[in-house]
Amino acid sequence: MALLEVEDLRVAFGPATAVDGVSFAVDEGKVVGLVGESGCGKSVTSLAIMGLLPKRSRGNGRLAPDTEARAVTVEPAGGAEAAESSPAVPSAPAPRTAIGGEGRRRGRGADVDGRAVFDGVDLLSLPSAAMRRRRGRDLAMVFQDPLSSLNPVVPIGRQITEVLERHRGLKGDKAVKEASHLLDRVGIPDPARRLREYPHQLSGGMRQRVLIAIAVACAPRLLIADEPTTALDVTIQAQILELLRDLVESEGTALLMITHDLGVVAGLCDEVNVLYSGRVVESAPVRELFARPTHPYTIGLLGSIPRLDLPMDEPLRPIRGSIQDVIRWRDGCAFAPRCDRVTEKCVAGEPALVGAVHAHRCVMAEEVA
Amino acid sequence: MSTEPEAPGGAASRPPLQRADEPAVPAKAPLLEVEDLEVHFPIRRGILVERTVGHVRAVDGVSLSVQPGGTFGLVGESGCGKTTFGRAVLRLEEPTAGRVRLGGDEVTALRGERLRRFRSKMQMVFQDPLGSLNPRHNVDMLLAEPLKVHGVGSREERRKLAVETLDAVGLPKSVLERYPHEFSGGQRQRLGIARALMLRPDLIVCDEPVSALDVSIQAQVMNLLDELQDEFGLTYLVIAHDLAVVRHLSDRVGVMYLGKLVEEADSSQIYERPRHPYTKALLSAVPQPDPEVEATRERIILKGDLPSPANPPSGCRFRTRCPWAEDICAEVEPEWREAATGHRVACHFDL
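Protein sequences appear in the order of chains A and B.
Taken in order, the first sequence gives residues 1 to 369; the numbers are from the working numbering.
Taken in order, the second sequence gives residues 1 to 351; the numbers are from the working numbering.
Fair warning: there could be bad hints in the mix.
Simulated coverage check for chain B against chain A, where a stretch passes if three residues somewhere in it have a Cβ under 8 Å from a Cβ of chain A [what the hints assert, rightly or not]: (1) 86-95; (2) 210-219; (3) 261-271.
Between beta-carbon pairs, the in silico distance windows are [stated by the list, open to error]: (4) A/P285 - B/R116: 54 to 64 Å; (5) B/P135 - A/G355: 43 to 53 Å; (6) A/T343 - B/E106: 33 to 43 Å; (7) B/R273 - A/G349: 21 to 31 Å.
Keep in mind the hints are simulated off the structure, nothing from the lab.
Backbone N, C-alpha and C fix where the C-beta goes; we use that ideal spot for every residue, glycine too.
Based on the provided sequences and hints, a complete structural model is requested.
Dropping the structure here:
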C-alpha cells in the first residue's frame, strides 16, 4: 500500500475543470513527479491533496463541513438550483448577502471529488480540524514563491517555532534551539542570527531554505514541493535540489515534486506523471519515460527543450499551437488539436490510460507499440 | 515562414549568417561595438540633504562586439547587470562611462532629437509581453505606433507593413482588431517581436525573450527568432539566464558576474571547454532532461549567494564563491586575457 494514493481526483472551479480524474501513487521514500505546463492542473492537484482549496462541496452534493456551518440561506427559493442547472453562465446574478456556502456555489471555491488516501485515511473527507492537525505534521508543502509564503512582519525564527509548538509541543528555548538546528540542517550559515531576521533580509535561495526548514520541522512523511526552484537562479536551484535529494535520502521522506522542468525531473524523480489539460497522459518510472516517451505530448515536450548535452545545431521541434487549442476529454484526446500524429480515432471518444508500469493515454500509441 | 523578405535593408544586404563552428574572423566591421561600458547607480541617503554614500556598480566596464547578422548571448544570474547592460546599449539607461557604437555611429554621443531618430535602428523585445504592450491599444494601434512616432508611411502603408510583419511572426491578419489580453503568452511574445520589427531595425536586444513562456512555446519563439534573423538580416543581443536557451540562439556568448564579463567565446567553445570557474559551475548546475546523464553528471555546487554589487569583493569578484580560489584571487584582479583564439577569460588560472 502506497503512502499516498490519489484516485480519480477531480477539481472544478464552477464550469472550469482543472483536474479531470487524476490518479497516481507515492510510495514511502520515493520521489514522484507531476510534470506539465501552466494550466495542466498540477498545482491544483497538490492544493487539493493538502486541503488548501476553498471548498464548496463534495461529490455527493453535500456541502463541505466548514462551509456548511457558515452557509447563509437568504436566497430566494430555487435560486441555487437555477444557477446549478446553468453552470456555463458563472456570472448569474448572485445575491450579495449570501457570503457562505450558497454564495460559494456560484463561482467561488472548488468542487473537489475523488479520493486522496494518505496512510489509510482519505484526506479529502477529513474535517477541517483533523486536516489542520495533519498538515505540517504528516504532510507539508513548499511553494514556488518563498516571499509570499512567509509572513513579512514576523521574524523567521518565530515562523519556525510556531510549527514546532503546534505540532511537537516544543516551547521557549527548546523551540528556538530546534529552529536553529533546522536552519543549520538546510544549510543556512549563522542560524542564530538568521532567526531574528525578517524574510526581506534574506535572499531568494535562503528564503526557500527557510520554507523547507518549516516544511521538514515535524519530519513529515510526505513533502509536496510545487515548483520549488522555478523562481531561483540556476546555481541556487542546484543547491536547493541537492538539499531536497539529501532530505529524501537521509530522512526517507516521500516527495511529490511538481514542476515544468524535465531536467529537474530527470535528476530527482523515481516516478513521473505527465499531465495535460487535467489528466495524466503518461506515467512511468523515470528512466523508462525518458528512454521510451510514448505520448506525443511527452515527445513534444522533450523535443522543445534546448539541451546542453546534444549538438548545437540540433533543431528544436516545438509543439504547435497553444494550450488554448483544446477539446474536452470526453470528446476525444485534449491534445489532438496540437498533435502531429492526430487521426480520426483521436477525436472519436475518450482515450483510456493503458498500461501498468508504463501507462499512456494515446489511441495511436497502442497501435504503434 | 513563407513570406518573401520585403523589408527595407532586408535580404539584399543581409550578410551570411556566421555559424559558431567557423572561427570568428573579424573581417567585416562589427555592427555593435561596446567599449568599457559602465552604469553606476548612486546610493543616496538623507531626507533634506541627499548625499551619495556609494554606488551600485551594475555594469562595471564591459566591452563586446557583435558582427552584423550575428547573435551575442549574454548570460548571468539575476543581479549580474545583464539587463542594465542591454538597456544602456539602447540608451534606455544612461551609461556612466564608456562608448557604444552601432554601425559606425556613436550612440553614446547622440542627444535629443538625433537620439530619438536613431532609436529606429535599435529595438527591444521584453521578457513580459503583457507588461510591454498597452492594454488599451489593439494590435493595429500597437504595431502602427512606432511607425507614427518616426513618421513612417501613410495610414495604408502602415497597415500593410503591420500585416506583413504579423505574417512574418506567424499571426493572422485577423488579429489586428484584437487587444493584448485576448492572446496567449506565446502569441503576446510574437506581438512583442512584431512590434520590435516594425521599424526594420538593425539590432534587436532581446531581454529574456522566452523565460516567461511554457516549454513548448519557448521552442516556438526561439525558432521564430532564428527565422526572423535570416529573413530580416537582424543582429541580436540576447540576454538570458538560461544557458541552454543562449546556446541555442547565439554564436558568441559572454558570461557576466557582478557587472563584469568573466568569459567570452564562440558558443561552441564556451560550452565545450569553459575556462572560468563560474562558467563551469553554471554549466554543471543545469539539470539535463535525461536520467542517465543526470545520474553521472558532475555537479559543482557553489556556496552562498551573489555578493552585493555595491561592495564587490576585492581582487576577483567571484573568489568568495569559487571552489578553486587561492590567496592571489583576493589581492589581484585577474586581467581580461585571451586564453585561446577568440576565447577571453578573467581568471588567474588555466582550468
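Structure-based check of all given hints:
1. 86-95: violated (count 0)
2. 210-219: With 6 residues closer than 8 Å to chain A, the region 210-219 of chain B meets the three-residue bar; holds.
3. 261-271: holds (count 3)
4. A/P285 - B/R116: 54 to 64 Å: Between A/P285 and B/R116, where Cβ atoms are some 60 Å apart, the hint holds.
5. B/P135 - A/G355: 43 to 53 Å: holds, 46 Å
6. A/T343 - B/E106: 33 to 43 Å: violated, 60 Å
7. B/R273 - A/G349: 21 to 31 Å: For B/R273 and A/G349 the Cβ distance comes to about 54 Å; the hint is violated.
Checked against the numbered hints given earlier, this structure breaks hints 1, 6 and 7; the rest are met.
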